[in-house]
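Trainee: Take the given structure of chain E and dock chain X to it, following the hints.
There are 2 protein chains.
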Amino acid sequence: MDYLADERKKAEFDVDEMKIIWAGSRHTFEVSDRISKLVANDPGFRKDNRTMLARKELFKNTLRKAAYAWKRIHELHLSEEEASRLRFYVDEPAYTDLHWGMFVPAIKGQGTDEQQKKWLPLAYKMQIIGCYAQTELGHGSNVQGLETTATFDPQTDEFVIHSPTLTSSKWWPGGLGKVSTHGVVYARLITNGEEHGIHGFIVQLRSLEDHLPLPGVTVGDIGMKFGNGAYNTMDNGVLRFDHVRIPRNQMLMRVSQVTRDGKYKQSDVPRQLVYGTMVYVRQTIVADASCALSRAVTIATRYSAVRRQFGSQNGGPETQVIDYKTQQNRLFPLLASAYAFKFVGEWLTWLYNDVTQRLQASDFSTLPEAHACTAGLKSLTTTATADGIEECRKLCGGHGYLCSSGLPELFAVYVPACTYEGDNTVLLLQHIFTRVVQYGKHFKLLDNKMSCGLSLLVLVARFLMKTVSQLGSGKKPLGTIAYMGKIEHLMQSRCTVQKAEDWLKPSQVLEAFEARAVKMAVSCAKNLSKFTNPEEGFAELSADLVEAAVAHCQLIVVSKFIDKLQQDIPGKGVKQQLEALCGIYYLYLLHKHQGDFLATSYLTPKQAALANDQLRSLYTKVRPNAVALVDSFNYTDHFLGSILGCYDGNVYPKLYDAAWKDPLNDSVVPEGYHEYVRPLLKQQLHTAKL
Amino acid sequence: MDYLADERKKAEFDVDEMKIIWAGSRHTFEVSDRISKLVANDPGFRKDNRTMLARKELFKNTLRKAAYAWKRIHELHLSEEEASRLRFYVDEPAYTDLHWGMFVPAIKGQGTDEQQKKWLPLAYKMQIIGCYAQTELGHGSNVQGLETTATFDPQTDEFVIHSPTLTSSKWWPGGLGKVSTHGVVYARLITNGEEHGIHGFIVQLRSLEDHLPLPGVTVGDIGMKFGNGAYNTMDNGVLRFDHVRIPRNQMLMRVSQVTRDGKYKQSDVPRQLVYGTMVYVRQTIVADASCALSRAVTIATRYSAVRRQFGSQNGGPETQVIDYKTQQNRLFPLLASAYAFKFVGEWLTWLYNDVTQRLQASDFSTLPEAHACTAGLKSLTTTATADGIEECRKLCGGHGYLCSSGLPELFAVYVPACTYEGDNTVLLLQHIFTRVVQYGKHFKLLDNKMSCGLSLLVLVARFLMKTVSQLGSGKKPLGTIAYMGKIEHLMQSRCTVQKAEDWLKPSQVLEAFEARAVKMAVSCAKNLSKFTNPEEGFAELSADLVEAAVAHCQLIVVSKFIDKLQQDIPGKGVKQQLEALCGIYYLYLLHKHQGDFLATSYLTPKQAALANDQLRSLYTKVRPNAVALVDSFNYTDHFLGSILGCYDGNVYPKLYDAAWKDPLNDSVVPEGYHEYVRPLLKQQLHTAKL
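Chains as they are written, first to last, in our numbering: chain E, 1100 to 1789; chain X, 1100 to 1789.
One chain only, chain E, in its complex shape:
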């Protein structure tokens, strides 16, 4: 029985067509649909017991699943695309993520042809398992601060890998703690007593025979992390080297080499791949954000339709929570954000292809803009997603606090995406940053002064300031920054909205977001010019600069959503729903950042109030479609991992049944009763052994 059938009947659009829009293409939809069901129907991939397992059991179970997934991939002769989807739907962080996502790409990207020929076949068959050992106990975001050394010994033609201090211990790499046999280790290269910055080295860590650490290698797990299951399925590791020797040919030498006599040389290999990968990785992160947020929104939306609270009339049923405006005001902007991030992610795929093509033609002109805009979007979408998941948890009331709601796990697994260290794709990103810093003459903006945490937005701000400073020079701003070319118009223009519906005009909305972004950037530039030392100004004004960067990035998301709606969108009512969501997204931002819009005098308070009126009517428009809009994500109950979000809405019996599976319910009288509760009840505590 479908307890949400009434909700589904209300939908005013073609859900099947929307599923294809969400997936990006019919093919992607078909593969995702098939593989997600395959995983969901295989008891070998069950995950509902994950939060009850102690660390060792949990980890052992993950090792089993990883091997089982690999076995199934072979048995079913899955294509690379299908295999990757299968790993995705298994939905459990594991050492294999690092092996495939970081170790293999590092060798592909930084290894010479010869190195690739030697190591990749081993890695592809998983005859060796690799990790990516970059961050250190005392050094996270700042790759240039790494302390591990790789000193060339010309006598033996070897590098000596060493951890000179406690803070130089490698710390965080996933898969390192207990599984990896090898690692790409980043270290400070020293030849002939001279330093040459950070480079990558392939280092064997454990014996392929008995899995014991090799001599000179101390390695282990760094301990429990946030959440119950979450990333505790992963053996994030600590690693110290005591003068470990590796052959010279295990330095990854594609972009720089050390010769037999210890000379350091830069190769003339083009850096294209590195630049392209940067955009590629960020696109993945934005897509991940849209996926995580849409999962949380699915749970919160379905449960808000199931849950009833207050408002009973004459003893009838209480009101569905989703009918409260306060609930809509918190939930629907997140639903809209999930779609917005999806489409900006799609656009990033286009950008990646565009950048790659240009690079192949040695056209570097769009790189600084692509770099800044992808950095900003990464920061914007991950922060909004982490906050959004937690908001969805709160929107589920008390039951959102139960692990069986799925939301605590989703939150705990997602949040590392905001803090860089611990998140593998971002480690790769950081690595690429280093490369960019090291080699990129096109990236003067990017330097060591990036403040922690918000570094990506500071980077965007630097790019904006540079753009503003060059506006007079005749250099025309390109791509996402093109609107800066209209600066004179935007600085003077005033919003012409007279009634609420005027806020549905895309041109009107774009101008509002452009005017806000330009005016904030110009205001920062003016304030910066008051400082004699620009770096000092940058440090002092960094909070304002970050706000200007956010305004710029929000404009990008809004404009890409609007662009999407200019495309041909088939399916009854699909376009109308997307238009309503787009409106919710930008009007919600407009209201949230009303201060910016008013401070720049683009809007009057009256016009801001009209925007808010229009936002409320869009909520009413989306309300009957809400459940169908989350159905369009096409997530299986297995993937969602949430009783509150289950497809059929049969929440309470499932919650009730799940409760009894907790280990604490193995016995009616709990362990510890006889030692610690009975003596208390019987007033015999003074003689009890505690």
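Heads up, some of the hints might be wrong.
Same chains, same names: a pair is fine if it fits in one copy or spans any two.
Claimed, not checked - Dumping the calculated PhoX-like pairs for lysine-lysine here, alpha-carbon to alpha-carbon at most 25 Å:
id, residue 1, residue 2
1, K1788, K1136
2, K1691, K1705
3, K1720, K1118
4, K1625, K1598
5, K1788, K1224
6, K1753, K1155
Simulated from the structure, these hints should not be mistaken for lab results.
Mentor: Frame of chain E; chain X shown alone:
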């Protein structure tokens, strides 16, 4: 060695005096200091292994600690105040919290003298252990929706307690799942076929001999909750009744009775106690918020001073993270908020005494205002605290994701305070609400239409709207709402700030916050008046109303902080630091809600920018005092439970040592290697049993 000694030397104020200000009095400081060290130095209370234990071990250990704490309290002949502090510093949710915090007070507050005489001595000696069984699987905030029935059987002079549906299962009560022998159970009273609303009953659940559930009672734990240790030390329970009979005299009959022949009667006992308790409970919640936030801020501040990232000059050390403006801009407002919540909590203590005194003199005039303002402050401080803890975690970078940082636990333990269900003190609060709804003719504002989640703020908004509507009637607004009396002045007045320092004038600041609050309330009232059905208007405009309520509550916090500074504050430099923190608190709010201030035209964009300039210079002023300002909270390392926040700042060696204690490091080769990793490496997966 103290690695933060340099930071401590920088302090420009008397830390010992600040400790007394924070504690509230010299006496409170002395007791807290002594008891917290007693707990910290007793290995019986160690908690550093908590996140590594599986559920059963974790729970058993909590049973041990609860018994041990009780034993120590007796051995040391602790006073009631000291015993309560000891339980506080043990810092682990346990069934005893509910026994002492809910079961005993419910009997005291709702039981007749006779009932108290019978049950309280048993509870005081813990010869019975009680819980508070109110919320049900399908019914959280809305007490009036509870389904459990208590039907009077005049033939046997008994009540029959019954769970008629699955959704009527009691769900969430702490201590119920595995420990409690008794519960105060809330059920729908039925006598002679007539319903009389929700009442409390004392029901025995388990045998005092063998701890087995009594006939007709089905009881168990509801399963894992958010976080590693966190609330998983608590046996939140599920409970179903199958026609369980209890004697008539186990209905709590202080405010209403059922006679031998089944007649329902209201007593004439005064409701004072109930009203007073309401204010008391909320004061506790605000104090808890200030405590939780200050713990998180201590960790983030100390680690921000220890941690260095980027900015190395000529190979020197990198910059302390706390020196980045972006870090200060996120951290210092939280530090200021912790102090702000402390002082508004202190004021609530005063309010509690004031309300109690008035009630004793049958003066109900201040009740609606006290009710609205405490509701709003509860909502405001818990939301800001939950968000603030997570922000502190992010401010610690990647290492904040480790359980050994203490922040994941702090977050997971704290968040229930925002979502009502699951949080025990709030359950009490809800219970009192019910009482208030049931009996309080003074509370017409409070009705069943409270929207979920934000219900407390909606309640504040209703109070504001009522106040606005009565302004013409000559009724003078009192207490925290007194500023509404100046409405004509406030509606017209404009900010006179001309330079940044003008923002340091308290009168200027108060007027700004008052004008914003008044104008937002009036604007809502105007929009409401356009609806013919006020309830419809309230539903439609609820998001705006909530914003107006927030503005009102923020004004209260700001004004109480300013009031505090008018008091005599001894100690070198103490007052100056508090002034700087107060300035940070209100200027941060002003910037965050700039849209409100500008939309109401009280401020010009220029004046808002000046506020931001002043905020930045206050950061500079607080910076050298930051570590001393968190030292002033006087938390032991045991209580903080965080390696990142340890007093001596010796973070990295401690993190390194802690890693090796994870169970996964019990063996060098992990469990599961032979079954699941080796077959993979050796290409023997096809024959492996997975």
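Trainee: Are the hints correct? Go through all of them and say.
Mentor: Hint-by-hint comparison with the structure:
Proximity of K1788 and K1136 under a CA criterion of 25 Å is satisfied inter-copy only: 23 Å between copies versus 53 Å inside one chain copy. Proximity of K1691 to K1705 under the C-alpha cut-off of 25 Å is found in both arrangements, the shortest distances being 15 Å within a copy and 20 Å between copies. In the homo-oligomer, the alpha carbons of K1720 and K1118 lie at most 25 Å apart inside one protomer (20 Å), although the nearest pairing across protomers, at 55 Å, exceeds that limit. Only between protomers do K1625 and K1598 lie at most 25 Å apart by alpha-carbon distance; the minimum there is 18 Å, versus 34 Å within a single protomer.
Taking the shortest Cα distances, K1788 and K1224 sit within 25 Å of each other only across copies (19 Å), while inside one copy they are farther apart (55 Å). Taking identical chains as interchangeable, the C-alpha atoms of K1753 and K1155 lie at most 25 Å apart only when they sit on different chains, with a minimum of 23 Å there against 28 Å within one chain.
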